[in-house]
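Colleague: The primary structure of each chain is shown beneath.
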Amino acid sequence: MMTLSLMKKPLAGFVLFSILLLLLPFTVTNDYYINVLIIIGINSIIVIGLDLLVGYTGQISLGHAAFYGLGAYITGILSARWAWPPIGGLLISLVMVGILAFLIGIPTLKLHGHYLAMATLGLGIIVFIFFQELDFLTGGPSGLVGIAPMSLFGIPFDSDLSYYYLVSAFLLATLLLSINVVRSRVGRALRAIHGSEVAASVLGVNISRFKVGIFVLSALYAVTAGWLYAHYITFISPSSFGFMFSIKLITMVVIGSLGSLWGAIFGAALLTSLPEFLVVFENYETSVFGLILILVMIFMPRGLMRGLEDLIKRMIDLGRQNLKERSPTS
Amino acid sequence: MNPVLKTEGLSKHFGGVKALDQLDLEISKGAIQSIIGPNGAGKTTLFNVISNVIPPTGGEVLFNGVKITRKQTHTIAAMGLTRTFQNLRLFSEMTVLENVMVGMHLRSKGGFFSSALKLPWVFREERRIREESREWLRFVGLHDHTDRIAGSLPFGNQRILELARALASKPQLLMLDEPAAGLNMRETQDMVQLISRIRDLDITVVLVEHDMDLVMEVSERVTVLDQGRKIAEGDPEAIRKDEAVLKAYLGEE
Ligand SMILES: Nc1ncnc2c1ncn2[C@@H]1O[C@H](COP(=O)(O)OP(=O)(O)OP(=O)(O)O)[C@@H](O)[C@H]1O
Ligand SMILES: [Mg+2]
Chain P
3 MMTLSLMKKP
13 LAGFVLFSIL
23 LLLLPFTVTN
33 DYYINVLIII
43 GINSIIVIGL
53 DLLVGYTGQI
63 SLGHAAFYGL
73 GAYITGILSA
83 RWAWPPIGGL
93 LISLVMVGIL
103 AFLIGIPTLK
113 LHGHYLAMAT
123 LGLGIIVFIF
133 FQELDFLTGG
143 PSGLVGIAPM
153 SLFGIPFDSD
163 LSYYYLVSAF
173 LLATLLLSIN
183 VVRSRVGRAL
193 RAIHGSEVAA
203 SVLGVNISRF
213 KVGIFVLSAL
223 YAVTAGWLYA
233 HYITFISPSS
243 FGFMFSIKLI
253 TMVVIGSLGS
263 LWGAIFGAAL
273 LTSLPEFLVV
283 FENYETSVFG
293 LILILVMIFM
303 PRGLMRGLED
313 LIKRMIDLGR
323 QNLKERSPTS
Chain R
889 MNPVLKTEGL
899 SKHFGGVKAL
909 DQLDLEISKG
919 AIQSIIGPNG
929 AGKTTLFNVI
939 SNVIPPTGGE
949 VLFNGVKITR
959 KQTHTIAAMG
969 LTRTFQNLRL
979 FSEMTVLENV
989 MVGMHLRSKG
999 GFFSSALKLP
1009 WVFREERRIR
1019 EESREWLRFV
1029 GLHDHTDRIA
1039 GSLPFGNQRI
1049 LELARALASK
1059 PQLLMLDEPA
1069 AGLNMRETQD
1079 MVQLISRIRD
1089 LDITVVLVEH
1099 DMDLVMEVSE
1109 RVTVLDQGRK
1119 IAEGDPEAIR
1129 KDEAVLKAYL
1139 GEE
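In the order they appear, the protein sequences are chains P and R.
In terms of my numbering, the numbers along the first sequence are unbroken and rise by one, the last being 332.
In terms of my numbering, the numbers along the second sequence are unbroken and rise by one, the last being 1141.
If you're looking for bench data, these hints aren't it; they were derived computationally from the structure.
There's no promise every hint is true.
[What the hints assert, rightly or not] Cβ-Cβ distance ranges computed for the label pairs, FRET-style:
id	chain 1	residue 1	chain 2	residue 2	range
1	P	Leu310	R	Glu1023	34 to 44 Å
2	P	Phe104	R	Lys997	13 to 23 Å
3	P	Gly60	R	Ser916	37 to 47 Å
Model, not experiment: these values are computed from the prediction.
Backbone N, C-alpha and C fix where the C-beta goes; we use that ideal spot for every residue, glycine too.
The following block holds chain R by itself, in its conformation from the complex (with noise of 0.2 Å):
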C-alpha cells in the first residue's frame, strides 16, 4: 500500500546540529503512528519540516505520492495536512467557537468583496461555519466554553480545543506534538479516548509523544528518533523490548 506521508533523505541543521539526519520514514494510511524519542531528537523539527514551517536542509517530502518540500505551509493544509503544536498555539484573544472556526477556513470561500458586501451565499456559509464548529466543540466536549475567550480556558482545555481547531480542517493527516504534555491524569486518559475516536473519522494520525503508557496504548506502529535518525520501528511491544531504544532513553541519564 503506498504511505500517506512519505520523508526521502530528509534533513535539517541548525548550524553544527543534525536535528534531522537523512531520514527515511513512510506514514500508512488510516493507522496512529507515534514518534517517539528522547528530548532533542528532532521530532518537533520533523513536523516543523514535513508542514515547512521552517525549511528543509535536504532531502524531499511527499504527501500521496506528491511533493511537497517546497510548497507553503497554506498550501500542504490545503492538501489536506495539518498539525497542532507542542506549545500551544490558540488565537487567545479569539473566542473557543472562533477559533474552532478559523479551523473550518479551508472549507469555506468568502472573500474580502463577497464579505464586505454580505451576500447570500455568504450568509449561508456562515452559518454552516457556525454550526458545524458547535458540532466540532460538541465532540471534544468544550460545548459549554463556546464563548469563552480562548486564553482563559484551562490548559487542559485549551490543548483539546487546539485539536478540535485542527480537526475542523478534517485533514487526512494530523500530526499531534505532544498533546498530553502538562496534562494531568485524567485529562490524559480523556485525550486518550479523544485520540481513538480521531481515527473513527478517517484520519490518519502521527503523534509525538512523551507519555509511553499513552503511546502503548493508542498506537499501531512507533518510531524512535534518535539525533535526527531512525533508530527503530515496530509495533509497541516490540519497541518496548528494543535495546537500541533502551540505550538511547538510559544513555541520556
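Bound-form chain P, shown alone (with noise of 0.2 Å):
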C-alpha cells in the first residue's frame, strides 16, 4: 500500500505532501475553504511541535497555547504600538518565548513525573491573565488591534492564496526540520526516554538536557505559528489562546496518532475543519471534540492515522490469505 510505504520513506512522503500544498488551492470552489487551509496549516506547525514532545518523548504540555499565543501577542504589540516589521517580531518572539521555555523546563523536566503537564498549565493561565489585563499592551479581553500584515523582505502577503503559500512554505519547513530529527541520534534519544528513562541514561543518555531541548523546539514552533497567526488574522483577543486550545492541540496529536508526524498534520486538518462541517453542533463543539476523542482511544488507541495503518494491513493480509487459499500451487 502506498500508505505504508510512505511512512517507511518520509522524504518520498515529503515531496508528495509538497505537491499536495501546491495544487490543493485549486481544487477547493470556495475561496473561504482557503481561510481554513490557512489555520489548518497554522495549527499544524504547533501539533507538529507537540507531538515531538508528548508523541515522541512522552511529556505532556498542557500550556501549548500560551506559547502559540506569546508568538501572536509579542509581535503583534511590537507591530501594532512601535509598527516593528513583522520579521522582527518573529526574531524577538523566538528569542523571549525560547528563554522562558528553557527556564521552565529546566526546573520541570529534572522530576520525574507529571512536573511538565502542572507547570505548563500554570503557565497557561498566567499568560492568559496577563493578555486580559495588562490592558495598555495587549488590548485586554476586547483583543488587540492594528496589527500590521503580514510582509517579508518588501514581498507583501496580501491575498489568501499568498498566506495561503507562506504557511505551507513554514509548515514544509517545520516538517522536514522535524523528520530530520525524529530520524536522528537525537530523535532516537528522545524515544529512548519514553521507553524507559532508566534504559536511556545507562546508555548514557542526558534525559534532561533532550527534555528540555525538544520542549524549547516545540514552544518555537508554537511561536512560529502564532506569529503567521497574527499577521494573518491582525487582531488577536485572548480567547484564542486559552486553556480550551491546549487541550485542543493536545486531541489534534493524540488524534492524528502519538508519535507519527503525518499523523499530527492528519489530526489538526481533521480537529480543525470539523467545526465547518459541525455548524449545526455549534455551542456542543467541545463536547463533541470530547466525544471524538473518547471514541478514538476506544477503538483507535493508537490514533487514528495508525488504526487506518492497521487496518489496511489487516485487508491485505486476509487479502493475501484469500489468494493462498484459491491457488494451492502457490
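Relying on the hints, combine the two individually framed chains into one complex.
Modeller: Spelled out as C-alpha cells, the structure:
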C-alpha cells in the first residue's frame, strides 16, 4: 500500500505532500476554504512540535496555547504599538519565548512525573491573565487591533492565496526539520526516554538535556505559528489562546497518532476543519471533540492514522490468505 | 593491580531494610566476576547504587580510582560503565536495530541543530552508527531480526538484545543482572557462550546470577552477598565448598 510505504520513506512522502500543498488551492471551489486551509497549516505547525514532545518523548504540555499566544502577542504588540516589521517580531518572540521555555523546562523536566504538565498548565493560566489584564499593551479582553499585515523583505502577503503559500512554506520547513530530528540520534534518544528513562540514562543519554531541548523546540514551533496567525488575522484576543485551545492541540496529537508526524498533520486538519462541517453543533463543539477523543481512544488507541494503517494491513493479510487458499500451487 | 571498580562502606537502606550494609568490594580488570546471594541479598541494589539509578545512603563508589558516587547516571555511562536489567528494560516500541543504535549514543555526537539540518557529517555519522549496530546484531546472532519491533521478540532474544545494546556503547565495565533469568537450557548455553566472548572484547564483566552452573562455568572470581554484606569471596571451587555460603543458601529455606 502506498500509505504504508510512505511511512517508511518519509522523504518520498515529503515530496508528495509538498505537491499536494501546491495543488490543494486549485481543488477548492470556495475562497472561504483557503481560509480554513491556512488555519489548518498554522495549527499543524504547533501540533507537529507538540507531537515531538508528547508523542515521541512522552512529556505532556498543557500550555502550548500560551506559547502560541505569546508568539502572536509579542509580534502583535511590537507591530501595532511600535510599527515593528513582522520579521523583527518573529526574531524577538523566538528569543524571548525560547528563554522562557528553557527556564520552565530546566527545573520541571529534571523531576520525574507530571511536573511539566502542571507547570505548563500554570503557565497557560498566567499568560492568559497577562493577555487580559495588561490593557496598555495587549488591549485587554477586547483584543489587540492594528497589527500590520504580513510583509517579508518587501514582499507583501496580502491575498489569501499568497498567505496560504507562505504558511505552507513554513509548514514544510517545520516538517522537514522534524523528520530529520526524528530520524537521527536525537530522535532515537527522545524515543528511548519515552521507552525507559533508566535504560536511556545507563546508555549515556542526558535525559534532562534532551527533554529541555525538545520542549524548547516545540515552544518555538508554536511561536512561529502564533506569528503567522497574528499577521494573518491582524486582530487577536485572549480567547484564542486559552486552556481550551491547549486541550484541543493535545487532542489533535492524540487523534492523529502519538509519535507520527503525518498523524499530527492529519489530526490538525481533521479537528480544524470539523467545526466547519459541524456548524449545527455550534455550542457543543467541545463536547463533540471530547466524544471523538473518547471514541478514538477506545477503538483506535494508537490514533486514527495508525488505526487506519493497522486496518489496511489486516485487509492486505486477509487478501493474501484468500489468494493462498484459492491457488494451492503458490 | 588497581581495581576497575571499588566500593567503600557502601550502604543503602530502605526504611529499616539494609539492602547494602557497609559493603567493601573490588572488581579487578579483565575478569568475569560473579556476585551471588539469596533473594533479597542486595545484588540488584548494588548495581542500582553503582550506576546511581538510586543514590546510596552512605559510602563511596570509585571507578578507575575516580569517585562516581554523586555523578549522574549518564555521566557514569560516559566514563565507561553500563549495565543490563534483571527485569528487561528494552525500548520496546523501537526496532531491534534502533535499540542497538541508542546503545551507540555515547559514541556519536549529532545534536538538535546538526540533526535538524542534516549536516553532511551527521549523515556520515548516521551511516556509521547503522553499520556498526548491524555488526553488533551479527555478533550476538540477532541479525535476522533487525527490523522487528523489540517488544515482539521472544523473551530469550530480548535478553540478548539488551546485552547487544549495552555492548554497542563499548563499556569498560559491564554489569549484567541475571542475564539468564527466564531462559531455557539451550538459551542459557547460548548466553554462556556470549558472555565468554565478551571477555575477549576487553570488557570487564560483573555478573549477578542465580544459575550456579553458569556462574561456575564463566567466572574467575565469585563474591557472595547476604543481607547486604559480603560473606565470602574466592574462586568458584572454593565458594562451592564454603560453609558460610552453604548456610546462607540453606538458611533461606
Ligand atoms: N526500591 C525499593 N524500595 C524498598 N525496598 C527495596 C527496594 N529495592 C530493593 N528493596 C529491598 O532491598 C533488599 C534487596 O533487594 P535486591 O533487589 O537488591 O535483592 P537481589 O539480591 O537483587 O534479589 P533477587 O535475587 O531476588 O533479585 C530486599 O529486601 C528488597 O525488598
Ligand atoms: Mg535482583
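Colleague: Within 13 to 23 Å: is that where the Cβ-Cβ distance between phenylalanine 104 of chain P and lysine 997 of chain R falls?
Modeller: With Cβ atoms ~21 Å apart, the hint holds.
Colleague: Taking 37 to 47 Å as the hint, is the beta-carbon distance of glycine 60 of chain P and serine 916 of chain R inside that range?
Modeller: Check passed, 40 Å falls within 37 to 47 Å.
Colleague: Regarding leucine 310 of chain P and glutamate 1023 of chain R, is the given constraint of 34 to 44 Å on their beta-carbon distance met?
Modeller: Holds - the Cβ-Cβ distance for leucine 310 of chain P and glutamate 1023 of chain R, about 37 Å, lies within 34 to 44 Å.
Violated hints are absent here; each numbered hint is respected by the structure.
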